[in-house]
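Asker: One-letter residues, chain by chain:
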Amino acid sequence: MFGWLFISPAERRLLGTRPLQGPTPWLIAIMTFSIMIVAAAGLALAGTAQRMSSGAAARYSVQIPDGGKLAQVMQVVRSSRGVANAEAVPESEMRQTLERWLGPAGASADLPVPALITFDAGPGADLKALATRVAAIAPGARVIAHREALGPVLKSLKALQWIALALVVLLAGACAAAVVLAAKGALDTHRPTIDIMHGIGATDVQVTHLFQRKIAIDALIGSLVGAAVATVVLLLLAATSAFAGELMGGATLGAGDLLALAAIPLLLTILATWVARTAVLTALRTAL
Amino acid sequence: MRGQWQGARVKGRLVLTSVAEFDSVGLRYGTGAEVLRDLDFRLSKGGFYFLTGPSGAGKTSLLKLLYLAQRPTRGRISLFGDDLTAASRDELPHFRRRIGVVFQDFRLVRHLSAFDNVALPLRIAGASEEEVEGPVREMLAWVGLADRASARPPTLSGGEQQRVAIARAVINRPELLVADEPTGNVDADMAKRLLHLFTSLNGLGTTVVVATHDVGLISATPGARMIRLEGGAVSDPTGELRNPPRGVA
Numbered sequence: 001m002f003g004w005l006f007i008s009p010a011e012r013r014l015l016g017t018r019p020l021q022g023p024t025p026w027l028i029a030i031m032t033f034s035i036m037i038v039a040a041a042g043l044a045l046a047g048t049a050q051r052m053s054s055g056a057a058a059r060y061s062v063q064i065p066d067g068g069k070l071a072q073v074m075q076v077v078r079s080s081r082g083v084a085n086a087e088a089v090p091e092s093e094m095r096q097t098l099e100r101w102l103g104p105a106g107a108s109a110d111l112p113v114p115a116l117i118t119f120d121a122g123p124g125a126d127l128k129a130l131a132t133r134v135a136a137i138a139p140g141a142r143v144i145a146h147r148e149a150l151g152p153v154l155k156s157l158k159a160l161q162w163i164a165l166a167l168v169v170l171l172a173g174a175c176a177a178a179v180v181l182a183a184k185g186a187l188d189t190h191r192p193t194i195d196i197m198h199g200i201g202a203t204d205v206q207v208t209h210l211f212q213r214k215i216a217i218d219a220l221i222g223s224l225v226g227a228a229v230a231t232v233v234l235l236l237l238a239a240t241s242a243f244a245g246e247l248m249g250g251a252t253l254g255a256g257d258l259l260a261l262a263a264i265p266l267l268l269t270i271l272a273t274w275v276a277r278t279a280v281l282t283a284l285r286t287a288l
Numbered sequence: 001m002r003g004q005w006q007g008a009r010v011k012g013r014l015v016l017t018s019v020a021e022f023d024s025v026g027l028r029y030g031t032g033a034e035v036l037r038d039l040d041f042r043l044s045k046g047g048f049y050f051l052t053g054p055s056g057a058g059k060t061s062l063l064k065l066l067y068l069a070q071r072p073t074r075g076r077i078s079l080f081g082d083d084l085t086a087a088s089r090d091e092l093p094h095f096r097r098r099i100g101v102v103f104q105d106f107r108l109v110r111h112l113s114a115f116d117n118v119a120l121p122l123r124i125a126g127a128s129e130e131e132v133e134g135p136v137r138e139m140l141a142w143v144g145l146a147d148r149a150s151a152r153p154p155t156l157s158g159g160e161q162q163r164v165a166i167a168r169a170v171i172n173r174p175e176l177l178v179a180d181e182p183t184g185n186v187d188a189d190m191a192k193r194l195l196h197l198f199t200s201l202n203g204l205g206t207t208v209v210v211a212t213h214d215v216g217l218i219s220a221t222p223g224a225r226m227i228r229l230e231g232g233a234v235s236d237p238t239g240e241l242r243n244p245p246r247g248v249a
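Sequence lines, in order, name chains A and B.
The opening residue of the first sequence carries number 1 in this note's numbering; numbering runs sequentially from there.
The opening residue of the second sequence carries number 1 in this note's numbering; numbering runs sequentially from there.
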């Protein structure tokens with residue numbers, strides 16, 4: 001199956017070119033680098049969205065606008081069926097959050113701060129009944145589902161993932177197109193040799209294997225170089241927390257994501273080899 | 001499909017008597033006028049043929065049909081007993097490996113050494129390096145280029161390139177050897193040696209077709225038959241090339 005990769009030195013001499021000659025390997029290196037960065041971003045976004053979504057699925061808050069009757073409301077919440085991990089968010093934490101948005105004014109004692117209780121709702125929790133009981137104690141208080149609050153953010157993350165996927169597909173397509181052009185260019189360059197080979201009985205497959213091998217080696221080396229540079233960049237981003245930063249809720253790549261990224265150079269090499277083989281065979285079939 | 005006149009039964013065995021049969025063959029390039037028309041002849045197995053005619057008569061085009069660089073625009077060509085009309089593209093390499101070709105412009109691979117150029121047909125046919133080494137060295141010695149084995153074509157003279165091209169054409173003992181002006185670039189002595197090589201191959205059963213203007217070459221080859229092309233058609237006053245051959249009903 002891979003016999004065409006291991007040819008004799010005499011066959012290697014037929015095209016008269018050494019591996020890594022011409023722009024193809026470097027073009028593939030750039031494409032691989034771009035694809036890996038975009039794919040890493042997409043995968044990190046997917047992981048973040050997944051974590052946010054699963055974390056918010058059963059998480060709720062009770063918001064008491066005037067901050068009063070916190071203890072009574074907390075008692076009602078804790079005594080409700082199916083409710084766990086109920087905790088009041090400390091006022092200092094609330095003020096810290098407000099300070100981020102409003103500046104020093106957020107820390108002012110004159111600014112009324114609502115009280116907040118967070119809890120997880122398990123199976124059997126009756127949130128409607130809980131909301132009614134809370135409203136009876138503290139009018140104006142309401143129960144908020146976190147997933148509803150995060151809905152627009154999750155939607156944006158989903159859209160970004162699709163954009164990343166589309167970019168990966170587009171870049172792979174551009175890579176394939178570049179390989180087609182490179183294969184056709186190589187065919188034109190070596191046309192006299194090919195004509196001679198055909199004239200003395202070479203089959204299209206024999207000729208194709210020469211080009212297929214050259215582009216496979218170029219693509220493998222190019223994609224490994226691109227992947228190595230991309231890995232360094234990703235590690236630097238991770239180290240400086242620009243990538244796995246707080247803004248993204250600590251975006252990280254899992255083992256599956258890393259495996260997917262590691263497969264990119266191999267997949268690109270296979271794609272380039274297949275595209276080159278198809279392009280060369282198609283071009284050869286136009287001759288007698 | 002077997003050619004109609006190519007086989008003769010000898011004690012129940014089918015013996016090929018011709019290597020090539022042209023039946024009402026015509027050739028035109030694009031939408032131009034026919035450069036070859038109504039070609040109707042056969043080449044006997046083991047025959048030695050000189051293809052002559054004025055410049056522009058279509059000699060090179062006829063040779064192209066013989067070594068399968070062109071397909072006819074009409075008519076039928078049979079080679080080695082097989083009708084090529086229905087032959088698919090994938091079947092052509094099988095035929096080409098049985099044909100040796102000496103091109104007028106040599107057509108050597110410029111970046112390969114003389115050795116690698118001569119070895120090319122053997123390697124394409126799947127010979128191992130052990131099977132290649134001896135015959136190629138022997139052939140290069142025969143054409144007087146033993147000490148130029150590692151030289152590349154641009155560093156060889158025209159005559160040397162011609163000899164490499166001839167060595168490449170005959171290295172795998174083809175059943176049909178087609179040569180376009182093979183002695184055009186060599187001196188008289190080398191021309192004589194090359195002709196001797198062709199007649200030796202012919203003696204071993206190879207059918208030889210040589211396109212040439214060299215009258216000396218023709219007169220030095222007793223028993224050879226002439227194919228004269230004039231205005232794209234074969235002139236065959238003796239009827240020796242007739243298809244079907246004389247005497248076959």
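I should point out that these hints are in silico values taken from the structure, not numbers from a laboratory.
Source: prediction; values computed, not measured.
Just to be clear, a hint being listed does not mean it is correct.
Incomplete in silico selection of chain B near chain A, CB under 7 Å [stated by the list, open to error]:
#1 96
#2 97
#3 107
#4 111
#5 122
#6 123
#7 124
#8 126
#9 127
Facing chain B, from chain A, some residues (calculated, C-beta under 7 Å) [as the list claims (entries may be wrong)]:
#10 254
#11 255
#12 256
#13 260
Where a beta carbon is used, it is the ideal one built from N, C-alpha and C, also for glycine.
Asker: Does each hint fit the structure? Answer for all of them.
Answerer: Each hint, compared with the structure:
1. 96: Given a least distance of 4 Å, the restraint on residue 96/B holds.
2. 97: 3 Å, holds
3. 107: 5 Å, holds
4. 111: Since the shortest Cβ distance to chain A is 4 Å, the answer is holds.
5. 122: 10 Å, violated
6. 123: Holds. Min distance 6 Å.
7. 124: 5 Å, holds
8. 126: 9 Å, violated
9. 127: 10 Å, violated
10. 254: 49 Å, violated
11. 255: 47 Å, violated
12. 256: At 44 Å from the nearest chain B Cβ, residue 256/A fails the 7 Å test, so the hint is violated.
13. 260: With a closest approach of 40 Å, the residue 260/A hint is violated.
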